[in-house]
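Enquirer: Using the hints, position chain B against chain A.
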Amino acid sequence: MRCGFPLALLFPRSRTLRALCAFVRAIHELFWALLFLQVFGLSAVTALAALAIPYAGIFAKVYAEILELTPRAPSAALPTGVDRLSRFIYAELPLVWERLASYTRYRFECAMRASVLLGFVGLPTLGFYLESAFREGRFGEAGALLWIFYLLIATLHWWGHRRLLPLLLVAGLYWLGPWPQIDGALLWRFVSHDLWPAPLLAGDLTGLVAWVRDMPDLLPAIGNTLLLALMGMVGSLVLALLLWPLASRHFGNRASRGLGRLALVMVRSTPELMLAFVLLLLLGPSMLPAWLALALHNGALIAFLVARHADGLTPGMPGLPASGRYAYELLPRLYPNLLALLCYRAEVILRETALLGMLGVATLGFYIDSSFEYLMFDQALFLLLITAGLNIAVDAAARRFRPREVPVDDPCSR
Amino acid sequence: MTLLRFDGDDLGHADRVVLPGLSLTLARGQQVALLGQSGAGKSTLLSAIRARLDPLAAWCPQSHGLVPLLSVYHNVYMGRLERHGALANLLNLLRPNRDAWQAVESLCAELGLDGLLRRPVERLSGGQRQRVAIARALYQQREIFLGDEPLASVDPHQALRLLQRIQRQHATSVIALHQHRLALSHFDRVIGLRDGQVQLDAASRELTLADLDALYPDASTSAAATSA
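Heads up: the protein sequence lines correspond to chains A and B, in order.
The first sequence begins at 1 in this note's numbering and counts up by one.
The second sequence begins at 1001 in this note's numbering and counts up by one.
These are computed hints drawn from the structure, not numbers from a lab.
Every value quoted in this text rests on a predicted model; they were computed, and no experiment measured them.
Hints may contain errors.
[As the list claims (entries may be wrong)] Anything over 12 Å on all C-beta distances counts as not near chain A; from chain B, calculated:
1) P1068
2) L1116
3) A1133
4) A1210
[Claimed, not checked] Computed footprint of chain B on chain A; a stretch qualifies when at least three of its residues, placed anywhere within it, have a C-beta under 8 Å from a C-beta of chain B:
5) 74 to 80
6) 92 to 102
[What the hints assert, rightly or not] With the C-beta cut set under 7 Å, the calculated list includes, among others, these residues of chain B facing chain A:
7) S1063
8) V1067
9) E1082
In this text, a Cβ means the ideal position worked out from N, Cα and C, and glycines have one as well.
So here's chain A without its partners, still in its complex pose (with noise of 0.2 Å):
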């Protein structure tokens, strides 16, 4: 259970920065691990550059998007001539600390799910007892190891609490381990002539065509990642339209909502390889199981994030039946928040259908696993650049088919 906190106040001014951030978060956590697993093994500097690099470009992204909606008019009341720094810690940080604070929170509980996800891959993390407790049909263990994961998230309040934060690093960097022997040859040779495919290297160019001919068949996989995605988007759609009443002050009384919220953030926190994965084990294997998890995970997600919007909102006519409340009252004021909420999630749910290929779905995923399985890095180095392609022209294409005019302003739907 280790969380690595990138340093990522980083402003992404230029335009090399941001398509480097872009880059560089576009790649899901696993998929870095796997990388990195080639040359570091099993350590924890594995697991740390895994969720620190993703994540510096993810905080790259999004503090710079909760930094652009200051207010100005503070640091337009300044007298000219203050400097840069002061302008900044007086006039434009106070201001926005708050969402800042928040959304860190909220990444805290994302960098858990993911570290449990490093598991699959063998880092020693609560996910690797997981997967093989299920694998070798334990279950009553594994669903004891879930328990724990979610009293974990649950009581993030508790142990998570500001005054405990530099101890838990302190202790966290202490019982981290093991630190790796980095031999500086390896390296060098991973990066200059393992991840490079070798006819490129000694200048073949015909060569360099049959490397290409050799690349699994790449649009059906190309056609699958995007299918599953547009399918996980539907499946979170209609989900979230049918759950979010479930935990909204609109419907039900304190006791449903209650179950109603814990159902949800508990289908939130579990991580989504976990829930294809058993699925996977329930309905045997095709898509259905990727699709179906996709679904539930960002599904209960958005129908959270809408709840607590609709609980803002006050219903103009007192006295409708909860069907009426929903469909006339509430639904039409909130349906191009939520549309618009998906389509910030389309990024994420193509990144996690890529992951989910890991489990078997052919998906580009599947291909980039395999080619690590079969230590062929250039291949896999590859793959990985045209499914980080893929992402940014998705989230490029969602940017620009969201709903204009309802601003976006929580931050945790990223």
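Expert: Then chain B, alone, in the frame of chain A:
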């Protein structure tokens, strides 16, 4: 002695001219009241004056420009942010500078904010925030005071006291306000704007309340209510 002169200038924001062809002269040692309906161009004129007089003028904006999370002390301190280095400002955020604290404390006591120095601005009332904004402008210690409705959300007695305090420290001021009686009794000169034009520019002793009412197109229909 002329302080600044607009000579047929077009004033406005990036894409929209609010005050076309404005001609106006301001002199040192004058207390100027700026009147006019909301949207008549008062704020535009004030920010143009601010831009011209930059290092001489203390500025109290209409939106206050306060930082809600920071304490009253830090908000007032921000008036002199440019006179300290970045490191000093950073340290002051962690632990208040003793000299600055004393200066701010006595200033706040004068404005009826005593005992509130450590309180975050987000937990103050509207009138208190207004006074913090004025305290910040006074703390700037500049020659000229520019205020965009600095007396808008305080009661009449307080408005009078605050205005006297401002004018005691600044021999020259340009203040936008809506209190007509104050404009006549406590200012040397009144500038009235209407529809982007200077409609009125005269010494205040030559004016009556009725002259000021002419700046407000709605006034004729509710003449009785305007002398308030």
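Enquirer: State for each hint whether it applies.
Expert: Status of the hints after comparison with the structure:
Non-interface call for B:P1068 relative to chain A: violated, since the shortest CB-CB distance, roughly 7 Å, does not exceed 12 Å. Remark: the non-interface label on B:L1116 is consistent with the geometry, its nearest Cβ contact in chain A lying 18 Å away (cut-off 12 Å). At roughly 8 Å, the least C-beta separation between B:A1133 and chain A is not larger than 12 Å, which violates its mark as non-interface. Non-interface status of B:A1210 relative to chain A is upheld: no Cβ of that chain comes within 12 Å, the nearest being about 36 Å off.
Coverage of the stretch 74 to 80 of chain A by chain B holds. Counting CB-CB distances below 8 Å, 7 residues qualify, and the rule asks for three or more. Requiring three or more residues with a Cβ within less than 8 Å of a Cβ of chain B, the coverage given for the stretch 92 to 102 of chain A holds, as 4 such residues are present. Checking B:S1063 against chain A: minimum C-beta separation of about 4 Å stays under 7 Å; hint holds. Taking 7 Å as the C-beta cut-off, the interface hint given for B:V1067 holds, the closest approach to chain A being about 5 Å.
The interface hint given for B:E1082 is met, as the beta carbon of that residue sits about 4 Å from the closest beta carbon of chain A, less than 7 Å.
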